[in-house]
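> These are the residues of each chain, in order.
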Amino acid sequence: MKRTLVIAELDHGVLKPCTHAAVAAARRAAELAGGTFEILLLGPGAGTASGALLNFGAAALHVAEHPELAEPLADRYAVAVAHVARGRGTDFLIAAASTFSKDLLPRVAGLLDAGMLSDVVEIGADSSGPLFKRVLHAGNAIATVILEGPVRVATLRAAAFPPAPRLESTAPVLAVDLSGLAWPDGTSFVARDRKTSARPDATEARIVVSGGRGIKTSEDFERLVGGLADALGGAVGSSRALVDAGITANSLQIGQTGKVVAPDLYIAVGISGAIQHIAGMKDTKVIVAINKDPDAPIFEVADLGLVADVYQAVPEMIERLQRR
Amino acid sequence: MKILVPIKRVPDSDTRIRVKPDGSGIVTDGVKFSLNPFDAIALEEALRIRERLGAAEVLAVTLGGEDSIEQLRTGLAMGADRALLVRTPGPLDSLAVARILAALVRKESPDLVLLGKQAIDDDSNQVGQMLGGMLGLPQATFVSKLEFQPDGRSVRCGRETDAGIETLGVRLPAVITADLRLNEPRYVSLPGIMKAKKRPIEELSPEALGVTAASRTRVLRLEAPAGRKAGVRLRTVEELVARLRDGAGLT
Chain A
36 MKRTLVIAEL
46 DHGVLKPCTH
56 AAVAAARRAA
66 ELAGGTFEIL
76 LLGPGAGTAS
86 GALLNFGAAA
96 LHVAEHPELA
106 EPLADRYAVA
116 VAHVARGRGT
126 DFLIAAASTF
136 SKDLLPRVAG
146 LLDAGMLSDV
156 VEIGADSSGP
166 LFKRVLHAGN
176 AIATVILEGP
186 VRVATLRAAA
196 FPPAPRLEST
206 APVLAVDLSG
216 LAWPDGTSFV
226 ARDRKTSARP
236 DATEARIVVS
246 GGRGIKTSED
256 FERLVGGLAD
266 ALGGAVGSSR
276 ALVDAGITAN
286 SLQIGQTGKV
296 VAPDLYIAVG
306 ISGAIQHIAG
316 MKDTKVIVAI
326 NKDPDAPIFE
336 VADLGLVADV
346 YQAVPEMIER
356 LQRR
Chain Y
4 MKILVPIKRV
14 PDSDTRIRVK
24 PDGSGIVTDG
34 VKFSLNPFDA
44 IALEEALRIR
54 ERLGAAEVLA
64 VTLGGEDSIE
74 QLRTGLAMGA
84 DRALLVRTPG
94 PLDSLAVARI
104 LAALVRKESP
114 DLVLLGKQAI
124 DDDSNQVGQM
134 LGGMLGLPQA
144 TFVSKLEFQP
154 DGRSVRCGRE
164 TDAGIETLGV
174 RLPAVITADL
184 RLNEPRYVSL
194 PGIMKAKKRP
204 IEELSPEALG
214 VTAASRTRVL
224 RLEAPAGRKA
234 GVRLRTVEEL
244 VARLRDGAGL
254 T
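Residue numbers (my numbering), protein chains in the order written: chain A, 36 to 359; chain Y, 4 to 254.
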């Protein structure tokens with residue numbers, strides 16, 4: 036981990052905050068190995084977005100803008116990332132865990148014949164070299180793992196790596212030469228259902244209000260879960276049950292196979308608390324559960340529990356919060 | 004049309020996973036093992052493609068030991084045409100699995116590799132993407148909608164991303180990983196299971212495929228996550244709001 040490369044994540048040209056967690060992890064890795072780290076930004080707006088990363092200790096910022104990178108297609112992005120990694124002698128590639136990095140980084144690992152760890156929550160070392168901790172079995176086990184080979188790849192849980200402080204020094208910004216690369220053309224972008232919500236993303240919010248089977252319709256979800264989130268300035272999330280029932284959008288799902296969040300406050304509204312859901316939120320600082328079933332497993336992990344019908348309790352809660 | 008569906012034997016999703024006191028692994032005594040749910044979805048999709056196209060061969064493959072034959076039989080009972088066990092010693096990481104599958108893809112030349120987006124035991128979510136990278140095949144991950152185009156040589160995929168559903172056109176041959184909402188896997192009947200028991204299971208070794216199964220990751224130990232301490236039950240909304248204002252992240 037002498038030469039670490041962070042893959043920044045952009046959303047339509049804007050740097051996603053989770054990138055700061057990856058930078059913090061890179062600083063940690065560089066510190067442990069006595070090495071340096073660099074950051075790679077890809078796609079439209081990468082140059083502008085690099086401005087937000089100038090003062091975090093990177094040895095250099097690499098900007099890869101190219102017509103072939105107009106959409107974040109893993110096939111093409113992986114070619115560009117592998118090209119930069121080879122050129123820079125990168126031995127450790129990291130990014131914050133998200134659908135972007137989970138699509139891209141294993142493909143890069145395949146191209147570079149590198150071993151990979153997903154959802155790393157701790158980077159440490161003993162006398163023999165770097166050690167990683169990661170969660171598996173839906174959060175029911177934490178593994179201490181050795182990752183071997185000339186190149187290592189990892190995604191990490193953003194919540195486990197608090198953003199690193201700003202530094203005085205400013206990193207140089209370099210344009211990546213992508214000429215002469217053979218771009219794969221087997222995938223083509225067709226469309227994206229753009230999220231139109233004004234609410235923050237659940238993975239980046241301090242407060243998340245999440246709904247489960249206790250909510251019966253989309254309108255109720257918006258009124259109760261959305262209303263409570265808005266009263267608190269938080270994000271909304273959903274259990275798998277509501278997504279499967281067509282009540283909430285896929286991108287709201289929190290759990291083992293959806294998003295993993297660790298906010299300051301998580302309010303579970305009518306969520307029973309299957310282990311797969313709990314895997315996605317149990318690192319929250321304060322968990323609140325509202326459920327009419329006193330035996331719901333969610334109460335086993337909740338700091339504050341209220342046995343109540345969400346249809347009565349939540350409107351009252353919104354009303355009281357707005358009264359302040 | 005040939006579809007290769009890699010599948011994995013994992014502890015059933017309803018099992019409560021416990022770490023052994025010595026940290027050497029998880030407790031497996033009395034644990035029921037099943038076909039990884041995402042792989043069941045991938046296999047179901049392969050079977051539906053075969054039903055739609057009229058002619059296709061669905062090959063279910065797994066890596067592991069004798070135990071994994073049980074999941075191959077589940078695959079046959081669901082409707083796979085062939086079942087193949089690549090006998091491998093001990094646990095393998097995603098890179099080793101992808102290497103073996105890459106060799107198998109070169110041998111079998113499928114038009115489509117369809118697999119689950121992640122296994123619910125190690126939760127890595129890597130094999131499909133690594134395989135795509137190694138073979139230079141187009142990839143679409145986390146797919147919840149898959150439609151064949153009229154030319155029969157490309158598919159349109161709806162992918163579940165953090166930003167919402169993304170639609171991609173993908174030229175075959177390709178690697179596609181299945182997300183939860185792609186379909187509901189079919190029910191496997193008892194007669195189906197009985198019939199599957201009589202079907203042949205093909206076998207191969209990594210050596211026969213010309214690859215060595217070397218993992219680059221090594222788990223030293225497992226530990227149970229710190230449990231959350233029991234919380235407080237409140238009686239009224241008023242109390243709850245007061246507690247929240249009092250310091251549970253709110254001011």
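Bear in mind the hints are in silico, worked out from the structure with no lab data behind them.
All C-beta atoms, glycine included, are put in the ideal place defined by N, C-alpha and C.
A hint or two may mislead.
A few chain A residues that face chain Y, going by a derived Cβ cut-off under 8 Å, partial list only [said to hold, decoys possible]:
1. Arg123
2. Ser133
3. Asp138
4. Asp154
5. Arg227
6. Val336
7. Leu356
> Take the hints in turn and mark each one as holding or not.
Hint check:
1. Below 8 Å, beta-carbon pairs count as interface contacts, and A/Arg123 has none with chain Y, the closest being about 19 Å; its hint is therefore violated.
2. Restraint check, A/Ser133 versus chain Y: the minimum CB separation of about 5 Å is within 8 Å; hint holds.
3. Of the supplied interface hints, the one on A/Asp138 holds, with its beta-carbon coming within about 5 Å of a beta-carbon of chain Y, less than 8 Å.
4. Here the hint on A/Asp154 is kept, as its CB sits about 7 Å from the closest CB of chain Y, short of 8 Å.
5. At a threshold of 8 Å, the smallest CB-CB gap from A/Arg227 to chain Y is about 5 Å, leaving the interface hint in force.
6. Taking 8 Å as the C-beta contact cut-off toward chain Y, the hint placing A/Val336 at the interface holds, the least distance being around 5 Å.
7. Taken as an interface hint, A/Leu356 checks out: its beta carbon lies about 6 Å from the nearest beta carbon of chain Y, inside 8 Å.
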